[in-house]
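J.: What follows is each chain in one-letter form.
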Amino acid sequence: MSTRIAYNFSQPLQLPEATRRKALWLFAVSALFAGAAAFSDWGRFVAGSLVLFLFLLTLGLGCLFFVTLEYTVNANWSVPFRRIPEIFAILIPISLLLAWPVVFGIHGLYEWSVAEAVAHDPILQKKEAYLNVPFYLARFAFFYLVWLAGYQLLVRSSFRQDVTGGEAFTKRAFKIGPVFMILFVVSVTFAAFDWVMSLVPHWYSSIFGIYMLVGIMVAGIALTTFVASVLKLQGRLPDSITRDHFYNLGALLFALNTAWAYIAFAQFLLIWYANLPHETIWYQMRGQGGWLGISLVLVIAHFFVPFLALLGRESKTNLLRLRWVAAWVLITHGLDLYWLVIPSVRNQGPAFGWQEIAFPLMAAAIVLLVGVWQLSKKPVLAVKDPRLEAGLHFHL
Amino acid sequence: MSDFRDVRPAPSSEADGTQEKIVGALAVYESPDRLADALVAVRQSGLTRFDTVSPYPLHGLDHLLGKSPSRLGYVAAIAGIAATAIAKLAQWWTSAVDYPLNIGGSPLFSLPAFVPVTFELMVLFASIATVVGMLAVFNGLPQYGSALLRSRHMKALTCNRYGIVVDAKDGEFDPHATSDLLGGTGAMSVELLKRENVSRFYRERILSVPFLLLLVGVAIFSSTATRMVYRYGGEIPPFDFMKRQPKVSAQQVSAVFPDGLGTRSGVPGTVARGSLPYAFAGDPERAGQELINPFKASHEVMTRGRAQYGVFCQPCHGRLADGRGTLTTAFPKAPTLHSRKAREWSDGRIYAVLTEGQNIMPAYVSQISGKDRWQIIHYLRAMQRSQNAPERDLQ
Numbered sequence: 001m002s003t004r005i006a007y008n009f010s011q012p013l014q015l016p017e018a019t020r021r022k023a024l025w026l027f028a029v030s031a032l033f034a035g036a037a038a039f040s041d042w043g044r045f046v047a048g049s050l051v052l053f054l055f056l057l058t059l060g061l062g063c064l065f066f067v068t069l070e071y072t073v074n075a076n077w078s079v080p081f082r083r084i085p086e087i088f089a090i091l092i093p094i095s096l097l098l099a100w101p102v103v104f105g106i107h108g109l110y111e112w113s114v115a116e117a118v119a120h121d122p123i124l125q126k127k128e129a130y131l132n133v134p135f136y137l138a139r140f141a142f143f144y145l146v147w148l149a150g151y152q153l154l155v156r157s158s159f160r161q162d163v164t165g166g167e168a169f170t171k172r173a174f175k176i177g178p179v180f181m182i183l184f185v186v187s188v189t190f191a192a193f194d195w196v197m198s199l200v201p202h203w204y205s206s207i208f209g210i211y212m213l214v215g216i217m218v219a220g221i222a223l224t225t226f227v228a229s230v231l232k233l234q235g236r237l238p239d240s241i242t243r244d245h246f247y248n249l250g251a252l253l254f255a256l257n258t259a260w261a262y263i264a265f266a267q268f269l270l271i272w273y274a275n276l277p278h279e280t281i282w283y284q285m286r287g288q289g290g291w292l293g294i295s296l297v298l299v300i301a302h303f304f305v306p307f308l309a310l311l312g313r314e315s316k317t318n319l320l321r322l323r324w325v326a327a328w329v330l331i332t333h334g335l336d337l338y339w340l341v342i343p344s345v346r347n348q349g350p351a352f353g354w355q356e357i358a359f360p361l362m363a364a365a366i367v368l369l370v371g372v373w374q375l376s377k378k379p380v381l382a383v384k385d386p387r388l389e390a391g392l393h394f395h396l
Numbered sequence: 397m398s399d400f401r402d403v404r405p406a407p408s409s410e411a412d413g414t415q416e417k418i419v420g421a422l423a424v425y426e427s428p429d430r431l432a433d434a435l436v437a438v439r440q441s442g443l444t445r446f447d448t449v450s451p452y453p454l455h456g457l458d459h460l461l462g463k464s465p466s467r468l469g470y471v472a473a474i475a476g477i478a479a480t481a482i483a484k485l486a487q488w489w490t491s492a493v494d495y496p497l498n499i500g501g502s503p504l505f506s507l508p509a510f511v512p513v514t515f516e517l518m519v520l521f522a523s524i525a526t527v528v529g530m531l532a533v534f535n536g537l538p539q540y541g542s543a544l545l546r547s548r549h550m551k552a553l554t555c556n557r558y559g560i561v562v563d564a565k566d567g568e569f570d571p572h573a574t575s576d577l578l579g580g581t582g583a584m585s586v587e588l589l590k591r592e593n594v595s596r597f598y599r600e601r602i603l604s605v606p607f608l609l610l611l612v613g614v615a616i617f618s619s620t621a622t623r624m625v626y627r628y629g630g631e632i633p634p635f636d637f638m639k640r641q642p643k644v645s646a647q648q649v650s651a652v653f654p655d656g657l658g659t660r661s662g663v664p665g666t667v668a669r670g671s672l673p674y675a676f677a678g679d680p681e682r683a684g685q686e687l688i689n690p691f692k693a694s695h696e697v698m699t700r701g702r703a704q705y706g707v708f709c710q711p712c713h714g715r716l717a718d719g720r721g722t723l724t725t726a727f728p729k730a731p732t733l734h735s736r737k738a739r740e741w742s743d744g745r746i747y748a749v750l751t752e753g754q755n756i757m758p759a760y761v762s763q764i765s766g767k768d769r770w771q772i773i774h775y776l777r778a779m780q781r782s783q784n785a786p787e788r789d790l791q
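From first to last, the protein sequence lines stand for chains A and B. Residues 1 to 396 in our numbering are what the first sequence spells out, letter by letter. Residues 397 to 791 in our numbering are what the second sequence spells out, letter by letter.
Take the hints with a grain of salt, since some may be wrong.
Now the stretches of chain A that chain B is said to cover, found in silico as 3 or more residues with beta-carbon under 8 Å [stated by the list, open to error]:
# : segment
1 : 88–94
2 : 272–285
The calculated DMTMM-like cross-link candidates involving lysine to aspartate or glutamate, where the alpha carbons are at most 25 Å apart (straight line), are [said to hold, decoys possible]:
#  : chain 1 : residue 1 : chain 2 : residue 2
3  : B       : Lys729    : B       : Glu740
4  : B       : Lys767    : B       : Glu696
5  : A       : Lys232    : B       : Asp563
6  : A       : Lys127    : A       : Glu279
7  : A       : Lys378    : A       : Glu17
8  : A       : Lys378    : A       : Glu279
9  : B       : Lys463    : A       : Asp244
10 : B       : Lys463    : A       : Asp239
11 : B       : Lys551    : B       : Glu587
12 : B       : Lys551    : B       : Asp458
13 : B       : Lys551    : B       : Asp563
14 : B       : Lys463    : A       : Glu314
Bear in mind the hints are in silico, worked out from the structure with no lab data behind them. The beta-carbon is built from N, C-alpha and C at its ideal position, and this holds for glycine as well.
The shape of chain A in the complex, shown without the other chains (with noise of 0.2 Å):
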C-alpha cells in the first residue's frame, strides 16, 4: 500500500510494459530449454511435460473451482476477488495445448496402452474394461467438455456481465454452481486417476481423486491469494478491499492446505497399516534412495512450513507474508505433481538438471502471460455484479 494510484477500477489495468516483456524472455528462455531437453533425453522431457501440464491444468481447475464455490455457497465476500481466479481459469483452455504428453504419449508413458504389456499381464487384461486407449481418449474428452462448459457458463458469461450488467447471469450462476459443482468433483476424480494414478497401473487407491482435488483446490486459493497480495501491495486493488477479505483468503488457504495434508496421511496410514506389497510398492518407490529425502520435504515444506507460517491470526492479513506464503504454497503444489508423477514414470532416483529448468520456467511464465494479458483487458473487479457492492463492504 505504498503507492498510491487513483484508478478507475471499471477500467482495465494500466500495467507496466516491462513486466510483459521480462516474461516474454522468460518463456522464450524456457522454450529455449525445453528445445534442447526434448533433443538430450526424449523420456525424460515427456515425463517433465506431464508435470508442466498437470500444474497449469490444476492452477486453472483451483480458480475454477473458487468461482463455483463463491456460487454453490452464496459467499459475498469473495465477489470482490472474483475477477482474479475467472482471469488465471482461462489455463483450463491453454492446458489443451500442453496435453500432448496425455494423448500422443500414453505408450511411453501407461503401461497399459502396449498390446504386449497387456498379454502378459493377467491383471493388466482384467482391467483392459477400463483402461483401453479408445474408452480413455474418450473419457480425456469427457472431462474437457465438462470443463469448458463450467468455463464458458460461469467465467466466460462473468466477463459479458461488465458489458451487459444485470442480475440474469448471477441468478443464472447460482442454479449452474451446484451442479457444475458435482460435475467437477466428478471429472477430476477421474482425470486423476486416467493421468496420474494409471502411471503405475496394478496400484489403486481409492482416496487418490481427493487428494487431487485437494491439492487443485490449494493450488487456486494459493494463486488468488498471490496475485491479490501482489496487486493489493501495489495499490491496484481497491481500498474498499480490507484486511478482513484477506483474512478470509488466509484462512480458506490455511484450511485447504491442512485438508491436503489430512487427505495425504489418510492415504498414507491406511496403506501402511495394510502393509499389502500391491499397495505399499507405490510408496516404496517414494521412499528409496534420493526420493525418501522428496517426501520428506514435501511433508515438512506443504504441510508444516504454511501450516506455521498462517497459525496466527494477524499472519492472515499481514499481505507481504501472505504473498510468499502463497508464492510457497504453489512452489509445493509443484514439487507434489512431481512427486506424485516422476517416480512412477522413470525408474531411477530423482534427478532435476538443466533438462527440468524449463519446466517451472516455462509455467512461471505462462502465469505471469497469462496475468499480464487478461488484466490489462478486464477489469480487476467484476463491476457489474450485483453483489460486489455487499462484497466489498465485508467485515469479519
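Could you slot chain B onto chain A? The hints should help.
T.: What follows is chain B alone, placed relative to chain A:
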C-alpha cells in the same frame, strides 16, 4: 460484560446504609447502524470502558470498539501442544514400554499409527480449553448476575434492540454527563444501571429448600434411570444386540433335523480327534478287571500325578488322601482313600471311578485327561503305601 460481574455489594456499603450504587449507563438504539454511529461518538468523547449488547453478532463492530485482539488463541494453542505431548507420551508408554504390543509386525513405537489418536486428542483438548477458557477466563463466568440483566430493556436487547453500556469505573464517567452524552447520540432511551443489595437474595435462591429438593430429585432420577437402563435396557430390542442369535444353543430344539435334537452326536463308527471311547460305561467291576495302568512309576509320572491330584482331588480328599480336605465343611465329607477297599482296588477300578464318578463324586472325564487320571492313580498308590507301610518297608 466482565466489568459488571461484581453485583454483590462490598460489606462496607451495607454498613454505610447505601443500598444502591450506579455501576454504569445503558443506551438503547433502534438499529445496528445507529449503534455504529453512536459508538464513534462515544469513543471520541474519551470514554474507554464500554461494550455493546446485541441480540446477534454484529459484523464490523470490533474495530469501532477499539478492542485489542483476543488472546484466546494462545489458550487453544497451549492446550493443543499439551495434548499432542500427552497423546504421544501415553501411546509410547502403553504400547512400547509398559505392555509392548506387536501389531502386524510394525515397530512398537510407530509414528503413523499414533497420529490419529494424537490428532483427535489435540482437537478435543483445544476445543474444550477454548470454550472453558472463553467462559471462565475471558467472560468471567460463572457470576451471580449483572446489573444489566435487571434492566427493563434487557428483554428488548435480546430481540430487536441494540445497546451500549458504559462502565462506571471509567475515569471519564459521570452519571449526568454520560447520560447526556448518550442521549445526544440518537439513543431511544438511556438508563443508569444500579447495583442492588443482592447477595442475600442470591444466597437464599441457591440454598433454598426447593432447589435442594430438586437436586436430590435429579440425583434419584438419574441414578434410577441409569440402573434401569443397565438392568433392563439390554433386554429391549434392538439393544439386545448380540443376545439373540440365529443359532442353536445346547439343549435347544432344532428345526433342521428330523429328530428335532439341537445337540448332535457323532457320526456312527467315528471317533472325535484326540478322544478315546470308554468301553466300560456303567460296569466299573469289569473295568477293574480288564484295564491296566499304561504308565510305569517314574519321577515324571509322580510329579504330574501329584500336581493333578493337588488341583482336582485334594480339595475334598485332603493333602494326604485321608478325607480331610479343605472343603469338608461346605461339602459332604469325602472318604479316606486309605481304606482297605480303596487299597485293594485295582488301578482300573479306580480309573472307572475317576471317569464315571461314584455316589456324590462327579465324573472327571471332561476335566482330567485319561493320561492324567492314570498318573494320579500312581501318585495315590504312593500315598497309600506311605500311610500303610508293610513291615519290610521299615527295615
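J.: Just to be careful, I want the Cα atoms of Lys767(B) and Glu696(B) compared with a cutoff of 25 Å; is the pair within it?
T.: 13 Å, holds
J.: Does Lys463(B) pair with Glu314(A) here, judged by a C-alpha cut-off of 25 Å?
T.: 15 Å, holds
J.: Is the straight-line distance between the alpha-carbon of Lys378(A) and that of Glu17(A) 25 Å or less?
T.: 16 Å, holds
J.: Would you mind confirming whether the straight-line C-alpha gap from Lys232(A) to Asp563(B) stays at or under 25 Å?
T.: 40 Å, violated
J.: Take the C-alpha atoms of Lys551(B) and Asp563(B), compute the straight-line distance between them, and say whether it is at most 25 Å.
T.: Distance of about 20 Å is within 25 Å: holds.
J.: Run the distance test for Lys463(B) versus Asp239(A): straight-line Cα separation, threshold 25 Å.
T.: Holds - the C-alpha atoms of Asp239(A) and Lys463(B) are around 22 Å apart, at most 25 Å.
J.: Between Lys551(B) and Glu587(B), does the CA-CA distance stay at or below 25 Å?
T.: The given pair, whose Cα atoms are some 14 Å apart, holds under the 25 Å limit.
J.: Counting residues of the segment 272–285 of chain A whose CB is closer than 8 Å to a CB in chain B, do you get three or more?
T.: holds (count 3)
J.: Straight-line Cα separation of Lys463(B) and Asp244(A) no greater than 25 Å?
T.: Answer holds: Lys463(B) to Asp244(A) is near 15 Å, not above 25 Å.
J.: At a Cβ distance under 8 Å, does chain B reach at least three residues of the segment 88–94 of chain A?
T.: violated (count 0)
J.: So if I understand the rule, the pair passes when the alpha-carbon distance is 25 Å or less; does Lys729(B) with Glu740(B) pass?
T.: 22 Å, holds
J.: Would you mind confirming whether the straight-line C-alpha gap from Lys127(A) to Glu279(A) stays at or under 25 Å?
T.: 16 Å, holds
The structure shown violates the earlier hints numbered 1, 5, 8.
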